[in-house]
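Position chain B relative to chain A; hints supplied.
Chains A and B, in that order, are what the protein sequence lines are.
All you need for this note's numbering is the position in the first sequence, starting with 1, plus 1.
All you need for this note's numbering is the position in the second sequence, starting with 1, plus 3.
Think of the hints as simulated: they come from the structure by calculation, not from any bench.
Worth double-checking, as some hints may not be accurate.
Which stretches of chain B does chain A cover? Using the computed rule of at least three CB atoms under 8 Å from a CB of chain A, they are [what the hints assert, rightly or not]: (1) 14-22; (2) 147-156; (3) 256-269; (4) 272-285; (5) 300-308.
All residues carry an ideal CB built from backbone N, CA and C; glycine is no exception.
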Amino acid sequence: MKKNDEEFIIVGANYQNNITPVKKMALWQRWRTKPIVSIFVLAAITLGCIFAGQLMNHDPTGFYLNHLNEAPNTEFYFGTDSLGRDIFSIIWYGGRVSLLIGFLGTSILTLIGIFYGCMSGTAAKWIDQLLMRLAEMFSSVPNLLIVLLLLSIVGSPTVFSIAVVIGVTSWVSLARIVRSEVLQIKSSEYILAARSMGASFPQILYKHLLPNFVSTIMFMVVASISNCIMLESTLSFLGLGLPVEVVSWGSMLSLSNKALLTNSWWVIVIPGMFIIVTLFCITNIGHYLRNETNKKFSNL
Amino acid sequence: MFTYVSKKIGVFILFMFLLSVFIFTLSRLAPGDPLQSFYGERVEHMSMVEQQNARERLGLDEPLPVQYEKWLYNAVHGDFGISFKYRKPAIDILSALIGNTLLLGITAYGLVFLLAILLAVLCALHEDTWLDRIICKLGTIVYYLPPFWLGLLLILLFSVNLHWLPSGGAYDIGQSGNMLNRLQHMLLPLIVMVTSHLWYYAYMIRNKLLDEIRKDYVLLAKMKGLTRQQIVWRHCLRNVAPSIISIMAISVTHVLGGTYVVEAVFSYPGIGALSIESAKYHDYNLLMLVVLVTGALVVISSLVAQTINECIDPRMQEGVDYEKKR
Chain A
2 MKKNDEEFII
12 VGANYQNNIT
22 PVKKMALWQR
32 WRTKPIVSIF
42 VLAAITLGCI
52 FAGQLMNHDP
62 TGFYLNHLNE
72 APNTEFYFGT
82 DSLGRDIFSI
92 IWYGGRVSLL
102 IGFLGTSILT
112 LIGIFYGCMS
122 GTAAKWIDQL
132 LMRLAEMFSS
142 VPNLLIVLLL
152 LSIVGSPTVF
162 SIAVVIGVTS
172 WVSLARIVRS
182 EVLQIKSSEY
192 ILAARSMGAS
202 FPQILYKHLL
212 PNFVSTIMFM
222 VVASISNCIM
232 LESTLSFLGL
242 GLPVEVVSWG
252 SMLSLSNKAL
262 LTNSWWVIVI
272 PGMFIIVTLF
282 CITNIGHYLR
292 NETNKKFSNL
Chain B
4 MFTYVSKKIG
14 VFILFMFLLS
24 VFIFTLSRLA
34 PGDPLQSFYG
44 ERVEHMSMVE
54 QQNARERLGL
64 DEPLPVQYEK
74 WLYNAVHGDF
84 GISFKYRKPA
94 IDILSALIGN
104 TLLLGITAYG
114 LVFLLAILLA
124 VLCALHEDTW
134 LDRIICKLGT
144 IVYYLPPFWL
154 GLLLILLFSV
164 NLHWLPSGGA
174 YDIGQSGNML
184 NRLQHMLLPL
194 IVMVTSHLWY
204 YAYMIRNKLL
214 DEIRKDYVLL
224 AKMKGLTRQQ
234 IVWRHCLRNV
244 APSIISIMAI
254 SVTHVLGGTY
264 VVEAVFSYPG
274 IGALSIESAK
284 YHDYNLLMLV
294 VLVTGALVVI
304 SSLVAQTINE
314 CIDPRMQEGV
324 DYEKKR
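For reference, chain A alone in the conformation it holds in the complex (with noise of 0.2 Å):
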């Protein structure tokens, strides 16, 4: 009778004084895989750009012509430009244009390279063949430079433009990470299964495709976000992009050939380090995103 009531505490309604207790990990440890310093100080940037009325305490659009070229002090935190513009107002929303472009461009570009891989992935042979041939052509010119051909048949850019312009130009390294896992996905029986019932090519792309390699992009598609910012403020450094009165962290850098030769290092760190920053945030978000797959164990 014993040995039953032993049998009975194991298996029965109080088993779970048998079962080592699993610990509930703590709140750190759950996150500390995860890239939370780069989320926290790209929210916060975020929120700042957001939030820019609140934030500034000058004139965004005021030229102090008493403080031209100031170094950074207690009452222009971020110094002033050689227009006399307050860095520490203008910044965050130079932000809100950087942003933007960032993700518009992403958008656009993650559009046409999803369709683009998803078509090229799904044709027939030879217009696979075909259109590959042609995005190796695109992506055979180094990406600036069709992005200065373009920008110089657009005129004076826009945001938009320069969005869609960055947008239109860089899509090709993702269309072709698409078409090979739709080249993957497309020999599985359940595609094969959805075509005999008929479904048209936008319903499988929509309900089979893009649930499956929505994983495997995320990484190029984060990615891309830091690669738009970038270009843009290129651009704009350079003078083709966003002229010097539309204000973005690019264009705050164009004004840097007269910050050189008054040695006012300011006017090119800090909007230099609001970019870096950025850019590392997203990039360490876009890590993480790749980094779920499994690991093997060296042979070395």
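Coordinates of chain B only, in the frame set by chain A:
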């Protein structure tokens, strides 16, 4: 052998043809008058009759395919039109500057891959130790510094404050033959070029190597008593070589594209700074030529890489399906 070479040349010609059609259409599709690309601001001061005459003289009133045919005929004979900004044939301006760009680009390219392979091997040998982690973190940070910004910082530090190095140009006046002088001018641009590309390729090669050292032959080599260094340098690196070479072929575009920004920052007289200038002034003829030349460089390098790869690893030859033969 003959068919092999002629096939490669055929690919090259086809590619250049498509690229030129693409660029030609793009530049003629520009909103506004294509006359503007020939006369710039002056178009606004012309009367209607003058504009019409100019259009007829340049053949702009003909349909696009006819225009393209003419352009192609001239291009084959070495006439790429006149750069309206410099008022000289576009090809003359380009040929004067391309040497500088090639010098900068090739030096940077060589340095990037030399250092990338060294770094990748170092990381692979010390995988997941503090050394690997520090190199990875540092590399990522340096890679994400915008190249133009890094250039500005270097100018600020070494030229403006320390007066060690010149801030721009390819050489001082009258010193074009002096190698030391050229090197001084090239040092800062080179640093920027190398840092902005190095980690991207080093990381790629590192990951390839890490995949390689997980293969079975490494165990065999280890049992033979080879040291870790010997295994990586002699066996793994050689097996990774084809993919390194194809990475190198693709990277020509990136490194060339990188010179453009760097040249603009350091006002280094090369085709990069030229293309940015011509984009600013809507100098289409010059810009088209730069795009074509760049495209040609890239295609040639990728064909060369393909050929080398096919020599190293015959499985990569097109038309020969080794899987089926077995």
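What are the numbers of the hints that this structure violates, sorted from low to high? none
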